[in-house]
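Trainee: All residue numbers for the sequence shown refer to this note's numbering, where the first residue is 1 and numbers rise by one.
If you are wondering where the hints come from, they were derived from the structure by calculation, not from laboratory data.
Please note that a few of the clues may not be correct.
Unchecked claim - Computed beta-carbon distance windows for the label pairs:
{"no.": "1", "residue 1": "S119", "residue 2": "F159", "range": "39 to 49 angstroms"}
{"no.": "2", "residue 1": "L2", "residue 2": "I144", "range": "25 to 35 angstroms"}
{"no.": "3", "residue 1": "P117", "residue 2": "V169", "range": "40 to 50 angstroms"}
{"no.": "4", "residue 1": "I144", "residue 2": "L88", "range": "16 to 26 angstroms"}
{"no.": "5", "residue 1": "G98", "residue 2": "F171", "range": "20 to 30 angstroms"}
{"no.": "6", "residue 1": "M8", "residue 2": "T56", "range": "38 to 48 angstroms"}
{"no.": "7", "residue 1": "L2", "residue 2": "T69", "range": "35 to 45 angstroms"}
{"no.": "8", "residue 1": "T54", "residue 2": "I144", "range": "21 to 31 angstroms"}
{"no.": "9", "residue 1": "F71", "residue 2": "G174", "range": "17 to 27 angstroms"}
Bear in mind the structure is a predicted one, so any value in this text is a computation, not a measurement.
Ideal Cβ placement from N, Cα and C applies to all residues, glycine included.
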Amino acid sequence: MLKRLSRMVRAILFFPIRLILAPFTAIAHARASSAASTAESAPDTPETSDEPYTMTFEDFMENVRELRTRFFRAMIGLVLGTTIGFFLAGPVLEALKGPYCRVVPAGESCALVTLGPTSGIVVYFRVALMIGAILAIPIITYQILMFILPGLTQKERRFVLWSIPPVSVLFIVGAVFAWV
Numbered sequence: 001m002l003k004r005l006s007r008m009v010r011a012i013l014f015f016p017i018r019l020i021l022a023p024f025t026a027i028a029h030a031r032a033s034s035a036a037s038t039a040e041s042a043p044d045t046p047e048t049s050d051e052p053y054t055m056t057f058e059d060f061m062e063n064v065r066e067l068r069t070r071f072f073r074a075m076i077g078l079v080l081g082t083t084i085g086f087f088l089a090g091p092v093l094e095a096l097k098g099p100y101c102r103v104v105p106a107g108e109s110c111a112l113v114t115l116g117p118t119s120g121i122v123v124y125f126r127v128a129l130m131i132g133a134i135l136a137i138p139i140i141t142y143q144i145l146m147f148i149l150p151g152l153t154q155k156e157r158r159f160v161l162w163s164i165p166p167v168s169v170l171f172i173v174g175a176v177f178a179w180v
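When you get a sec, could you build the whole thing from the sequences and use the hints?
Mentor: Next comes the structure, spelled out in structure tokens:
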């Protein structure tokens, strides 16, 4: 019963992330299946055992290349999120201005004051970037996980994967708390 409830809660919490990452997951599975069919049997690595692993220079460079690729994909997610954020920045700025306009006395202007020649556009860009960061968090988290999971033992993996739902819930609660 508890196991079933745990699966249901996990499915509900991970649904938005799975929906966003479905195309990337399909590509990763396709690459993994093609690599598995062509690769020879590899030596035992930390992916399958808890034994210590010594890293060679080639392994280090492969990790650096993988980190670069994951970082680049995360930045693509941030750029895409920020692009969407540019379309949403106007309505979000109006929503943020709403509480201020409610307390301004009747008859006075509710316009925000800019203190410099570029302040207005800078605020617009910052709001768009924040929206982009919020939208890109699932992609960034996925890229971080895909980089670190192969180097973890089974016990560490289990801990990381079980910590994702509470962290997601706390992030959403924090965003709602900051808004209210």
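Trainee: Hint by hint, say whether it matches the structure.
Mentor: Evaluation of the provided hints:
1. A hinted range of 39 to 49 angstroms for the beta carbons of S119 and F159 is consistent with their spacing of about 45 angstroms.
2. Range check, L2 to I144: Cβ separation about 29 angstroms, and the 25 to 35 angstroms hint holds.
3. At about 42 angstroms, the beta-carbon gap between P117 and V169 stays in the expected band of 40 to 50 angstroms.
4. Between I144 and L88 the C-beta distance comes to about 25 angstroms, which sits within the given range of 16 to 26 angstroms.
5. Separation of G98 from F171 is about 24 angstroms and conforms to the stated range, judged on CB atoms against 20 to 30 angstroms.
6. M8 and T56 have their C-beta atoms about 44 angstroms apart, which keeps the hinted 38 to 48 angstroms range intact.
7. One distance hint, 35 to 45 angstroms for the beta-carbon pair L2 and T69, holds here, with the actual separation near 39 angstroms.
8. Against the hinted window of 21 to 31 angstroms, the Cβ-Cβ separation of T54 and I144 comes to about 24 angstroms, which satisfies the hint.
9. One distance hint, 17 to 27 angstroms for the beta-carbon pair F71 and G174, holds here, with the actual separation near 25 angstroms.
The structure meets every hint from the earlier list without exception.
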